[in-house]
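Generate coordinates for the entire structure from the input sequences, incorporating the hints supplied.
Taken in sequence, the protein lines are chains A and B.
First residue of the first sequence: 1, per the working numbering; consecutive thereafter.
First residue of the second sequence: 1001, per the working numbering; consecutive thereafter.
These aren't lab readings, by the way, just hints derived from the structure by calculation.
Some clues are possibly wrong.
[As the list claims (entries may be wrong)] Quick list of in silico lysine to aspartate or glutamate cross-link-like pairs, EDC-like style, CA-CA up to 20 Å:
(1) B:1127 with A:223
(2) B:1127 with A:219
(3) A:68 with B:1132
(4) A:455 with B:1069
(5) B:1072 with A:454
(6) A:218 with B:1132
(7) A:233 with B:1092
(8) B:1135 with A:380
(9) B:1072 with A:449
(10) B:1105 with A:224
Model, not experiment: these values are computed from the prediction.
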Amino acid sequence: MAFGALYFIFAFGALGVGSYFIIEKFIEKGEIVADNPFQVVNGFLIYWVFADIGYRYMLQKMPVANIKPLLYLPFKKGKIVNYALGKTLISFFNFLPAFFFIPFSIVLIIQGYSVTGVISWHLSMLFITLSINFINVFMNNMDKVFYPVLAVIASLGLSQYYGLFDITAYTGPMFMFFYENVWAFILPLILFIITTYYAYHYFIKQLYLDEGLKAVAKEATTEDLSFLDRFGKLSTYLKNDIKLIKRNKRAKMTFIMGFFFVLYGLFFMSDLYSSINGMKVFAGLFCTGGFLFSFGGLVPSWDSSYYKLMMSQNIPYREFLLSKWWLMVAATVVSTLLCTFYLYFGLDWWFGMLAGAVYNIGFNSSVVLWGGAFVKTPIDLMTTKKAFGDSKAFNAKTLLLLIPKLILPVVIYYAFALTINEAAGFIAIAATGVLGLLFRNKIFNMIEDIYKNEKYDTIAAYSQKN
Amino acid sequence: MITINNLSKQYNGTKVLDIESLEIPAGQAIGLVGNNGAGKTTLFSLLLDLIQPSTGHIVSNEVRIDQSEDWKPFTSAFIDESFLIGYLTPEEYFYFIGELRGQNKADIDALIASYSDFFNGEAVGQKKYLRDLSKGNQKKVGIVAALIGKPQVVILDEPFANLDPSTQIRLKKIIKELANDPEVTVLVSSHDLIHVTEVAQRVVLLEKGRVVKDIEKSSATFKELEDYFIGISESHAPVAAALTEEE
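Below, the structure is given as structure tokens:
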């Protein structure tokens, strides 16, 4: 998260400083028709406002969870609401725009715009941002309104792009108005006061355990997975693992993200890499193995919340592992099919994908599970926090295992591609993958030993709540 | 059935459990009582091989628990919510445990039906995942799951906590039936002395990891236990009084 935040701060700051001059260049070249850059920015501000509302709706949540303990304490309700609303004000979402607006306003003043006008305009933007913050308070669970509005805005953008209808022609002067009239910032200020008032009264009504503070439990749905019974003993675990992925935020996200890796190869298309054939091997491993790497690397932590049960029931480690293994193999096969579109970039790309897929299925599937055996970080299935890069999930042993996972195939490729030819390189990787299948049981034996040796440490680590 | 020998567990030099010997014959129902920190859950965790003994060992049905896993098929337990799989419905959870214990779907359906009065229309058939159930209903599910597949050793840690009065009465009936079954050895812990003396045939009192009392239950047992705990609370009374004086 911190990285994402820093990135946005940097990007916004850079835009705040640079956008005036960039737009000026475009105007000089005649690519944008406008009198001055400020006019252009004002035109697009309407989309800024919509985007601000949009991502807040999706990302900024009300801090209701922290309110419950306050209810029993001797505070007046108004105080609790003020506290909660005040807390939303110090949200990152309110500070981020400042990183654009402050440098941009300074640039405007340096460029000779009226100081009082710029200040009025700047205050207007501040109050609009804060108003959006409070509008978001009563925008919870309004998907039915939100998505149609989103569609309307998208079509507005498209119609502007194709020159059918330009909304900025109407909204641009509106934002310019705040600059041209020194007193105009009072209008957004009034909007801010009104939204604060309504947010306060809305929130105070929600301050009951059966209203706004209610925990929403999703209705349970049971699916018929009996077709998996053909896998015999394994089906018991397979059924559970599929439910694990379907019903838990964190696992579901890992699953979906895994398939985004299919597009990863596109990064290697730039001229810088595409001439290096080893990159095709890399791409093949990543594109087909997204789920394999992200899910498999955290086995058995997925089952951490009920690990004591698993350890006191009659569960052979082999069957437990095999179920995860089959899941990874299935996901890799599906990813490989999705990767067929790489044919468009040339046959050798596609061969890279196929070779990577075979290597992943045959060899990496076991090695990844092996690495997971050293990870003792409990996973909270219900939140997606920490889903990106849990620092504890990396240790020397898991890093060391990157060698057989990613580097060995590249070495194999070059060993054969340079001595014989490219095709031989790809075939050699795939052949190693097939050989890996023979070693699967050997690796599984090793993983079982790790599980057994580390059993008590793992149980203790998983029972630590963060 | 269960033999405990020189069993102890230490954390950073502090002994949290220290039992020289304890013999539990097959078919007996044992009630475990003791204040917090007495070592009840530690003993249960050792019985399930969830923690490693510092010294000694437990033998259950001729299987040494810390060396072999052969105790698993005939032992079942419900200790806490980490024995529940939160994203399953109660029924799915029962089927899962059932499959692990060699029961088919029909067996489990029959079992659920036979405990319908225990569930009392709650917990099962609610279209809710286990994680969304109340603590009491989670406990009901955990207890019934521990009875799947005719286990010979049943371990329940504080099964009465969080249950409503009617369910407590039904649970007492269930545990008594298990206790009367000569095939089933039951270990139950509780903070409620009345419940324990009612369902158990023998009561073991732990204090700071040691067995302080080990009594065959009689009509006098409840009084004996109560007197003991009154004694402990009074032994702290002068300290408490001294503390208030200091203030």
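Quick rundown of the hints versus the structure:
1. B:1127 with A:223: 12 Å, holds
2. B:1127 with A:219: Holds, because 6 Å separates the two Cα atoms, which is no more than 20 Å.
3. A:68 with B:1132: Holds, at about 18 Å.
4. A:455 with B:1069: Between residue 455 of chain A and residue 1069 of chain B the Cα gap is close to 13 Å, so the pair holds against 20 Å.
5. B:1072 with A:454: Holds - the C-alpha atoms of residue 454 of chain A and residue 1072 of chain B are around 19 Å apart, at most 20 Å.
6. A:218 with B:1132: 8 Å, holds
7. A:233 with B:1092: Distance of about 16 Å is within 20 Å: holds.
8. B:1135 with A:380: Holds. Residue 1135 of chain B to residue 380 of chain A sits at ~19 Å (cutoff 20 Å).
9. B:1072 with A:449: Holds, at roughly 19 Å.
10. B:1105 with A:224: 13 Å, holds
Taken one by one, the earlier hints all hold for this structure without exception.
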